[in-house]
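Dock chain to chain to rebuild the complex, using the hints, since each chain is given by itself in its own frame.
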Amino acid sequence: MRKVGVVGAGMTLFRRRLQETGKELSFEAARMALDQAKMEIGDIDAVVHGTAPDAFDGVHMKGEYLLDGSGGTRKPYMRVFTGGGTGVFSAIAGYWHVASGLADVALVVNEEKMSSCQPHPQSVFAHIWDPILDRPLKPNLVWIFAMEMNRYMTIHNIPYEDIARVAVKNKRNAVGHPCAQLADGDITLEDVMNSEIMAWPVRRLDISPPSDGAAAVVLASEDVVKKRRLRDQTAWIKGVGWCIDSTMWTDRDLYFPEYVARAAKMAYRQAKIDRPKKQIDFAEPYDPFDYKELHHLEGLGLADKGKAGLMTREGVTERDGDLPVCPSGGLLGVGNPIAATLGIKVGELYWQLTGQAGKRQIPNEVHTGVCQAWGDLMQYGSVVVMGT
Amino acid sequence: MRVGIVGVGVTPFRPTTPDFSWKELMYDGAQRAYADAGIDPRSDVGSFITCAEDYYEGFGIFDEFTPDQLGAVLRPMHTVGGDGIQGLANAFMQIQCSLAEVAVVESHSKASDILTLNGIVAHGLDPIWNKPLGGHPNYVAGLEMDAFLRASGNRAEDCATIAATNRQAALLNPVAAYGARITKDQAARSPALWAPLRQLDVASLADGCVVLVVAGEAAARKMDSQPVWIQGIGWASDSPSLETRDWVTPAYARLAAEMAYRLAKVRDPARSFDLAEVDDKFSYKELQHLEALRLTRKGQAGKMARAGELGLGGKLPTNASGGSLGCGNVLEASGLHRVAEAVLQLRGEAGHRQLDGARRAVVQSWRGLPAASGGVAVLGVGR
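Top line first, the protein sequences correspond to chains A and B.
Residue 115 in our numbering sits at position 115 of the first sequence, with consecutive numbering throughout.
Throughout, our numbering is defined as the position within the second sequence, counted from one, plus 1000.
No lab work stands behind these hints: they were computed from the structure.
Among the hints, a few may not be true.
As the list claims (entries may be wrong) - Computed footprint of chain A on chain B; a stretch qualifies when at least three of its residues, placed anywhere within it, have a C-beta under 8 Å from a C-beta of chain A:
1) 1067-1081
2) 1089-1097
3) 1169-1175
4) 1226-1237
5) 1277-1289
6) 1298-1307
7) 1365-1379
Cβ coordinates follow ideal geometry from the N, Cα and C atoms, glycine included.
The following block holds chain B by itself, in its conformation from the complex (with noise of 0.2 Å):
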């Protein structure tokens, strides 16, 4: 059975929303949502799904709060401690064996409510073998960058092209938080915080909450909506260690996309897609996204960012929305917007940023220091 994505929510993402507290701000995106549908979540939707992680939101057992502001008190519902394209992936499973035939996916960031990020992420390194190390956590991204560039011959100038061309690519979208006109050299001169990973290859938190509506093909059709189709989902996980996981070519993304194309039936990813959507929490994760899809061949996603093949007009628009980098980094919810940008495109509905004709789209998520697992949407219109 084809299981399509009917309904998209976004709220505008921000870097504080002090008017909204996070159930207010999962209410918005949910009626968004439901409103884009047409649907009533009280009679309508058969499993609710929440992506969300106990530290992050400041609850011992989050799952708890969840239900009321999402019209799914008394409704099968439940929370996965991952990324929005594996909670996604859930939804796609329960329609795919008759569970459901209409499934509502959230996911939400208030990290302005966090007051000790860092100290959160550190908490997430091995208890034994890492934590005790001390310092700031993105010190692991500086690592694996630092590895990646030399492994993969990219260089560091064209992370600082990634981060110019998303916050630039940012401007046109309505929902961003960081559009800037950044050059690429502002970005390559900005503070070295953990070398070579300097301050502008960082994505900056924001808050905002998307939540998406999914339907079997046959709920699908019975809706006033034009259904984006999941035409393949995958979603894998690398070793939990530092010591023992891929630091040039994510196993996480590499297997996610290989488990995506097979159910999807894409066979040449660098010529089967009009756009991408890649993580990009920090600038170089956008290189070496790229080549674990096999959207390029390895060493040359920088390359490509060079010769302006990423932006709009290029070969491979990538991130047209602005990404994590332009956007805001949204914690857990980075992925489903990633999702919810792709559906926009797909259905010709994403006002100055709209690219020609786009018919196929692929999604990939990571979800953020330390973890190394994330996931992979093949999304497209028509047949």
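Next up, chain A with everything else stripped away, as it sits in the complex (with noise of 0.2 Å):
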């Protein structure tokens, strides 16, 4: 199997309403990633775009309508789609068109625009569930993630402030990074504690809010990067591993993410993996809700069960403690525009394994990172391990 590394990366500012399309979005996300990996779109074989759901950006095959702007004209161009998943799964199937040969350079752009969706991007959500189990329960997003919630926090007895804490973390990282729509080095613990319920226990700060942007990575062969003397700024792509729950939620205990740890055993094991705990350096799980950081910790397996909160508690996962976790800041603290985290999940590796991540740049020196994304109703795990 050829060795397949990222040799570029890109994403635009995330907010909740920025003037750009979508084309536009994906555009410069793209010219971003191939600026960094000195190519033009020629040099480009093959596109992968991931974007969530079309009911977002209100057009119907959006990803065919996004493909100009992501350099897919007359090229192959493959959309792949597993909800939030998208968000790393993209840059797996990425993975795969080079690792097979059918591509040496690939282009992965992922692109969000929440806020083409009218009066609030939660009204698309309304269309997700069962039409005949869930549906006329009349259920939202924030609803079923504080039944998650609940269930994790009463399994494992973690107080609230150990969740708590993890925004706090992320928001403060977020400082850093140029894209950010939710930096605050000032938050402290109180603000979290006190902001408004949404859903019992689920409070405001405890959410990373919608958001548009676009991010964007390119994927060579090993042939490429030593042609292209890019052997420096490349961070190799060690494992890839993804897996789907079942549809019904509603049936599985929801206290750990058994399709994150199924999906990260596949990535391990490529990646020769057996400790994580002493074979990672640091982590960018996916983290739209504060306890999800501490569920997917648990489920990449970075923290036994029902102890992540005690790590973020001791100060382990902060950027420079022992296991850093988010140092990007995140999607609490950066934004979450569903699949364009992209760029604060293996974006995020490859700047931080490249020495390239400034003012975030974790102090240890890393050699091997994981990153995590997670989608559809409570059951998609998508997981990447690069390392240097």
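Written as structure tokens, this is what we have:
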């Protein structure tokens, strides 16, 4: 199997409402990634596009609509879609485009423009439920994630403070991120704990709000990296994994994300990682809600079940801790334009591993990182392990 | 590593399927494919892929609803927002780089559940430049047909011949929904709805599900199944804007074919295949695609249709299945259905429509209006 490396990445501002169209956002991100990789669109053999529900942008076949902005015109162009999991999953699809030998260089572009959806993108989520069993109850996402958070807290007896600490850490981490929507260097634990309740136990500052944005990465085969002398700016993809759980979320115990654990197992096997706590230097788990960072750290095998909160309290997951988690600022700090979170997951791994993270650079030397995204009805995990 | 198709499952295509929900259609198609390949999805499959679009399905995030009925719970699975051949390309790549040994590709249509398909298709037009023009979105196909016929020298009556031939061919195919004894004159006299496009030039919608089981050579050899090898696969997109795409020789088909031919080492496509299955969601599309795939010279596809060279006994039997015109337009499953048909022909299991000694086939798909994307696969048996 060929080695595949990330040789460039780019992302736009993440904002509640951007003037640019989805095509323009895709173009901006793609252009930045190409510039960093010292390439032109003519050097790209295939384009992979990731974007979440069509209903956000309000265009049927949204992948087709965004394809010229993403550089896909007259090229092999593939849209993959795994709900929120798309944030990392599209890079996995890009990986197999190059690893299989069908492409030497692939451009992965993710876009999300949630502000087109009026009055609030939450209304799209009215249509993601089983039409017979769930929809008549009129659930929304905050409501079911509150159930998951509560289950997680109850089973492990986790105090709310430990969860709120994640929001504080990530919003502070985001201060060094030029694209951040929600950076706040002065935020305190009290701010989060005193923010208003959305659906108990979830409070406003536990959640990353909707956003617009795009991100892109360029993936290249080892030969291309050598030929173009890009080794110094390459982070290698060591392992990929993905997994879906049953649609029937009501039939599962929500205290542990088994789908993340399985996806991680698949990626670790490929990356020859058998002791993730020892072998992984930093992590970018998906953190649209603060409890999700803890949940996912446990799924990724980086914390024992129920112990991720304690790690946060003890400062292990701070940027200068033993296991920095979401050094980018994560979704809580940078923003949550669903699929475009590629830039703060795969993108951040790339910038950290190649020493290009600027103010966000982890002070300790890092060689191996893992990122993960989460999607669908609390049922999807996508995991990428990268290394130097 | 060679990658082969080791199982096919096709549910009968029907204009409506009140007895089945879309989940049950998927289950039915998957059961057939798993039985055909002799596999247990819970232990033998490394990756599941479904090809679907949210608006066709009527869900905000359709990916959520894919695993249970395919036996894919807690397994690697993902959705491709594309046609079945694009899904097949992902399976091909995953197996090539050892992420999976066996992969399953699914696509289905529950078009009878869609109340406002024209509205959905119009919703796919550019929201600033094209959608505000209004009208039934099939006008785009009417304009393209006119441009194609004028530039290529093919005739509108050749399109009527395609419409009649494919509907008649479908009478021999038990899964087809729209088999009928229609003559060329009947097709040519049907109402011109989006001139020059006539009513019988348009494939009618159908419900159905197609599932393929795909395996690497080592895994395929262990199965009790005759593999049909994917010798080449390609996919491509032209510009999404109506104003800047190629209206005469669709670039998505031309480029996808170039990619597939390169992998399959096909130098002279016109002489390389025993059969072709090319997209015919509109009758003129069959002619346009035959030329874009270089299966005939430009402007000659209509002549082939007229001379009967595209029929069962002809020089290049095309859409012996009945195509979309005869079987029904099953949306994103259309490409996968063409692959399934070619597999049956190459295995010698195509019943009354079986071609003698077919060993190599070319299959092409188009995503349908208003997209300019599609795929091509070269399939073969033996060596």
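Verification of the supplied hints:
Requiring three or more residues with a Cβ within less than 8 Å of a Cβ of chain A, the coverage given for the region 1067-1081 of chain B holds, as 12 such residues are present. Counting residues of the region 1089-1097 of chain B whose CB lies closer than 8 Å to any CB of chain A gives 7, which reaches the minimum of 3, so the coverage claim holds. A stretch counts as covered by a chain when three or more of its residues have a beta carbon under 8 Å from one of that chain; for the region 1169-1175 of chain B and chain A the count is 0, and the coverage is violated. Proximity of the region 1226-1237 of chain B to chain A, defined as three or more residues with a beta carbon under 8 Å from a beta carbon of that chain, is established by the 4 residues found.
Coverage of the region 1277-1289 of chain B by chain A is violated [criterion: at least 3 residues with CB-CB distance below 8 Å; count 0]. Remark: the region 1298-1307 of chain B is not confirmed as covered by chain A, as 0 of its residues place a Cβ nearer than 8 Å to a Cβ of that chain, below the required three. Note: the region 1365-1379 of chain B has 5 residues with beta-carbon separation from chain A under 8 Å; the three-residue rule is met and the coverage holds.
Hints 3, 5, 6 from the earlier list are contradicted by this structure; the remaining hints agree with it.
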